[in-house]
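Please arrange chains B, C and D on chain A, whose structure you already have, making use of the hints.
This is what each chain is made of:
There are 4 protein chains.
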Amino acid sequence: MGSNRIGKVFQVTTFGESHGCAMGAVIDGCPSGLEITEEEIQMELERRRPGLSRHTSPRKERDRVEILSGIFEGKTTGAPIALLIKNEDGRRDAYEPIKDILRPGHANYTYLKKYGIFDYRGGGRASARETVARVAAGAIARKLIAPIVCKAKVIEVGGEKDPKRIDELLDQMVTEGDSIGAVIECEIYNVPAGLGDPIYDKLEAQLGSAMLSIPATRGVEFGEGFHAAKMKGSMHNDEYGLDEKGNIRSLTNRHGGILAGISTGEVIVFRVPFKPTSSIKKSQKSVDLSGHEVPFILPEGSRHDPCVALRAPSIVEAMASLVLADSLLVQKSYTR
Amino acid sequence: MGSNRIGKVFQVTTFGESHGCAMGAVIDGCPSGLEITEEEIQMELERRRPGLSRHTSPRKERDRVEILSGIFEGKTTGAPIALLIKNEDGRRDAYEPIKDILRPGHANYTYLKKYGIFDYRGGGRASARETVARVAAGAIARKLIAPIVCKAKVIEVGGEKDPKRIDELLDQMVTEGDSIGAVIECEIYNVPAGLGDPIYDKLEAQLGSAMLSIPATRGVEFGEGFHAAKMKGSMHNDEYGLDEKGNIRSLTNRHGGILAGISTGEVIVFRVPFKPTSSIKKSQKSVDLSGHEVPFILPEGSRHDPCVALRAPSIVEAMASLVLADSLLVQKSYTR
Amino acid sequence: MGSNRIGKVFQVTTFGESHGCAMGAVIDGCPSGLEITEEEIQMELERRRPGLSRHTSPRKERDRVEILSGIFEGKTTGAPIALLIKNEDGRRDAYEPIKDILRPGHANYTYLKKYGIFDYRGGGRASARETVARVAAGAIARKLIAPIVCKAKVIEVGGEKDPKRIDELLDQMVTEGDSIGAVIECEIYNVPAGLGDPIYDKLEAQLGSAMLSIPATRGVEFGEGFHAAKMKGSMHNDEYGLDEKGNIRSLTNRHGGILAGISTGEVIVFRVPFKPTSSIKKSQKSVDLSGHEVPFILPEGSRHDPCVALRAPSIVEAMASLVLADSLLVQKSYTR
Amino acid sequence: MGSNRIGKVFQVTTFGESHGCAMGAVIDGCPSGLEITEEEIQMELERRRPGLSRHTSPRKERDRVEILSGIFEGKTTGAPIALLIKNEDGRRDAYEPIKDILRPGHANYTYLKKYGIFDYRGGGRASARETVARVAAGAIARKLIAPIVCKAKVIEVGGEKDPKRIDELLDQMVTEGDSIGAVIECEIYNVPAGLGDPIYDKLEAQLGSAMLSIPATRGVEFGEGFHAAKMKGSMHNDEYGLDEKGNIRSLTNRHGGILAGISTGEVIVFRVPFKPTSSIKKSQKSVDLSGHEVPFILPEGSRHDPCVALRAPSIVEAMASLVLADSLLVQKSYTR
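Residue numbers (our numbering), protein chains in the order written: chain A, 1 to 336; chain B, 1 to 336; chain C, 1 to 336; chain D, 1 to 336.
This is chain A alone, in the form it adopts within the complex (with noise of 0.2 Å):
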């Protein structure tokens, strides 16, 4: 029924598995004209890649992306764009001795439940490794969008806010081989005023059910967010003046940037909380598909991501790019 699709005029489908032979995107609906490079995928590519730091997973992905279709003499022409990243560090075998046992916190069990079937390589299509597509597709919503610009950054983790506090705090779990959740804050400059759509497809539940699509997220809050419901009405309304130049502006923005559904203009702000990575170097309770209790310990020489939000801003920049995309060529319907 769609459910690897994303976005209403900005389609945006994708596919692959972790460790199958490739992964992809494409985008239908992008309007024709936008000059767009294999260079400006790759350079986001490159900051999703996890390796570059001491505290993200070392999987030596190269991730090349070829455009596929869609661009002609550097533009696009309006004909669906696809993408296409092989994927070169396989390693299969990896999985083959825990390929029966349920994994805490991962997708084995619901994906049977669902399928019937669950490709148990490196959790199949069910793998952190399908948000490359997403950043590939972010890299071309990104360039429509401009001047527009979502920036995200990792603000909290485990609930320390300092960056050497953080860095201990990562390499504690690293010793130990365990993991911690972690914020991300995402602010949206230069929106227009305007912008989502009133009722179910408001700003900010298509914003949020962007966020609520990436692995490990726990949930989304807007402006004062979870704040707000211990707030009076009077200190969280945002009051209307005059600008120098005599624009109506809001005189605060503890709303977030989105009112109704739809931009003020301000900027948008909002938060996400990521759960720590599922999987740890620690033995964990589990059962097995034949229906006996055993411990779940994670194969020797597999990877270990202390901390799954560190590589993630670039993926909540690429979902946030990709709805300010659609929501800014649905509006055009919206005017005779």
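Do not rely on the hints blindly, as some may be mistaken.
The list treats identical chains as interchangeable, and a pair is accepted whether it falls inside one copy or across any two copies.
[To be verified] In silico DSS-like pairs for lysine-lysine, Cα to Cα no more than 30 Å straight-line:
| id | residue 1 | residue 2 |
| --- | --- | --- |
| 1 | LYS164 | LYS285 |
| 2 | LYS281 | LYS75 |
| 3 | LYS161 | LYS75 |
| 4 | LYS282 | LYS245 |
| 5 | LYS230 | LYS245 |
| 6 | LYS282 | LYS113 |
| 7 | LYS153 | LYS285 |
| 8 | LYS143 | LYS332 |
| 9 | LYS230 | LYS151 |
| 10 | LYS332 | LYS113 |
| 11 | LYS281 | LYS86 |
| 12 | LYS143 | LYS281 |
| 13 | LYS86 | LYS143 |
| 14 | LYS230 | LYS282 |
| 15 | LYS282 | LYS143 |
| 16 | LYS75 | LYS113 |
| 17 | LYS143 | LYS164 |
Calculated directly from the structure, the hints in this document are not laboratory data. Note that this is a predicted model, so its numbers are computed, not measured.
Leaving out everything else, chains B, C and D in the frame of chain A:
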């Protein structure tokens, strides 16, 4: 672009403005053979109805639902079900004096930016009144999904969890002419494992989007939610075991009933923060449409609701029921 | 799965059964600022109305349209437009005696197979009555697409093209209690070049689908249509030239205004064959639901329409207008 | 707006240009557990392949399909299935000399008007080459719908039905450098009663739309089709009876297997007229992009296909299979 519609198979389209003739919903995709009466829908509308508690706004809506189509001899026929609720308590004139002033926290600025036109009568389409159609449609979803049950309740008001303290806080808001935020928690019982779609339409993404489409919501979190960002993997992961009947079970439910976007069979748990009601009796700085700074003061006799979340549990339940109804029907197409 | 909806941006959902309370349409996606009155919609309903010619069925429907939402101070607001037409001429009892007999050419067998239930009253949802909602929605599309105009007319009845012969043929059908097929041709003027989508949503595919959705249609052909299958390329190709103003023009219009699925700026031309009315006064072999062979005889006093196509031009125009309205709005998203 | 996608549940998105890197399809919504091999898909591609008869164009495409995702250990997993067919016979240079001249009967004028840009290499996206991806996806649909079978064949070329006369006519077209139109008839066997959606997505509307999306088609008709417009109701209606096993059957099949948009269980029959190939070796009047009238002459060595319909049966079957696959899956959601 269909922003007034929710659902892939169980598709609900709503219409109507706060002070127009009527509110309504059309459900396209309800299976045939479901028994449903106007009385059953009416019961849900009564639960949502304001004016039943001393802390909700005394709008004297009778909210009588009429079934216009899709039901024959007490059962759904597979034809679209149209539901109509006439608006009886108009009071359009009440909004005339303030129609040209931006209302802090309300939709008039963003709607004007989007559409170039605004139905100022009580917020028009962007009114909490609009949710009556959701509750009516939700009543049918509720019957369809049985024995799955969605139960929502206010668990916190202005940071307070104690009922007595909450009551005092609400009284204080009435006295001050101010308002206060709150958190609603929803639990969904009897969900079979395997519901929800991977990647972009994860069950969290669909439920989250549905919650963020409710007026005044500012976020959503599943399971441990934002708290997960402070946890270690060894604490957050739910281990697997066997129950007394030998069935696979999650030994704890920190994941909140959904893993990798798909239901696990455990209780689904999420929480939604509501901002304080935007309409307050205090004077606020604002601007009128001719570009002058003016105070915004709610007209004498205007309704005042100290906490918009108080009557939202039935709306949260309705939206959750719509998502579950859709997921159940979508799931059928996954199997051969 | 949304089978009661048409359109990607200008989305129309219809509801109602022949002998239920009311027929209706909800239009989601009409741009704001369009001036429209109930009178303008009413005018289109009058054109469709049966009982105005001696060769159409004398159902005494008044077909008064009510606008329930989406219009404020004479203009569309961008909110969904709900239109309601109450059913006044019920006569449900007329269908009781034949409710268990399959009606040759009618929907009751297939609906039973699909839904396991059938609203037998006048065909329920599968009645030509359903098109009243299409015509109402089409009236709004018609205004939106101006100066584009869709003009349909009956060009052939029972193989006859001469009006006098057609009139005689229809009289003969009334006398015999039989019915006759016909062909409607539609021309669409003032269409700008560039409308329609490539590949699966070609303008022919969209118009064709819309025509084949009208009850009793049996096909559709564009430009030379089936005759093109007998032609040589050198005769069928339209050559290009310049008009007096130096604009590129197709020197002929055998392509019927659409090439590769996209409008060329020439007049769009298509033809639609309608089968003879299925309800005739002759006895026909049939079967009842308990599995016995029985004759099917239309009850005394049943309406009889010798040629269902006679009142279809307004429906063809409405459907074509809906497709063009959608195409015009979709086209906006193709440009940056 | 998704114009490169077909299907509600069994959703196929195609991409690729005639002279780009590759053609491809992504199928989202194929149920898990279907056994399928590259060889089975390859077999369908061979049937479509040009150059196998002396009357089809000698493009030396090998058309090797690669399955990139969605299949694990020989079975579909429920993840999107990506299929890739690399383009090997480029010859982009052949199109350089004529890139600025409008080609009669081709897409370049309309694509330019729509997108402001045109990939002139062999028609780019608007090439019959694009159908290779449809046939690949159709091969999977074909397996899914078994025992339903779609069989298409050319029944008429240039008005001739006799094979010997057709052969002579095609030889004549090759000699003259001209082309000729044809009619394809498709029959679909073993369709259960009850498939197809009422109102806007009638089975005729869906099949008709799919047929009109095939390049060079000019119409479609079901059952008696245009001939029904010449018939009386008493001749056209199919009466009901019981077969030897006591099952309800239509005694004749003038309705072509579909009544009121829903399958009756009888063989589905439709016919599709194809226009003559637009590329002919005769000089034609045209205009270049700088606005001068110039003759259009196909470059020396260009391929020439006297009758584009000759290799279309596999495409018609593929498209019909896609529609049936979707209908079968959609139908599941109609029942509780």
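Each hint, compared with the structure:
no.: 1; hint: LYS164 - LYS285; in the structure: neither (34 Å within a copy, 43 Å between copies)
no.: 2; hint: LYS281 - LYS75; in the structure: neither (47 Å within a copy, 32 Å between copies)
no.: 3; hint: LYS161 - LYS75; in the structure: neither (43 Å within a copy, 47 Å between copies)
no.: 4; hint: LYS282 - LYS245; in the structure: between (60 Å within a copy, 28 Å between copies)
no.: 5; hint: LYS230 - LYS245; in the structure: neither (35 Å within a copy, 44 Å between copies)
no.: 6; hint: LYS282 - LYS113; in the structure: within (26 Å within a copy, 54 Å between copies)
no.: 7; hint: LYS153 - LYS285; in the structure: neither (34 Å within a copy, 34 Å between copies)
no.: 8; hint: LYS143 - LYS332; in the structure: both (18 Å within a copy, 19 Å between copies)
no.: 9; hint: LYS230 - LYS151; in the structure: both (28 Å within a copy, 23 Å between copies)
no.: 10; hint: LYS332 - LYS113; in the structure: between (42 Å within a copy, 13 Å between copies)
no.: 11; hint: LYS281 - LYS86; in the structure: within (29 Å within a copy, 43 Å between copies)
no.: 12; hint: LYS143 - LYS281; in the structure: neither (40 Å within a copy, 44 Å between copies)
no.: 13; hint: LYS86 - LYS143; in the structure: both (23 Å within a copy, 28 Å between copies)
no.: 14; hint: LYS230 - LYS282; in the structure: between (39 Å within a copy, 19 Å between copies)
no.: 15; hint: LYS282 - LYS143; in the structure: neither (43 Å within a copy, 44 Å between copies)
no.: 16; hint: LYS75 - LYS113; in the structure: between (44 Å within a copy, 17 Å between copies)
no.: 17; hint: LYS143 - LYS164; in the structure: neither (34 Å within a copy, 54 Å between copies)
In this structure, the earlier hints numbered 1, 2, 3, 5, 7, 12, 15, 17 are contradicted, and the remaining ones agree with it.
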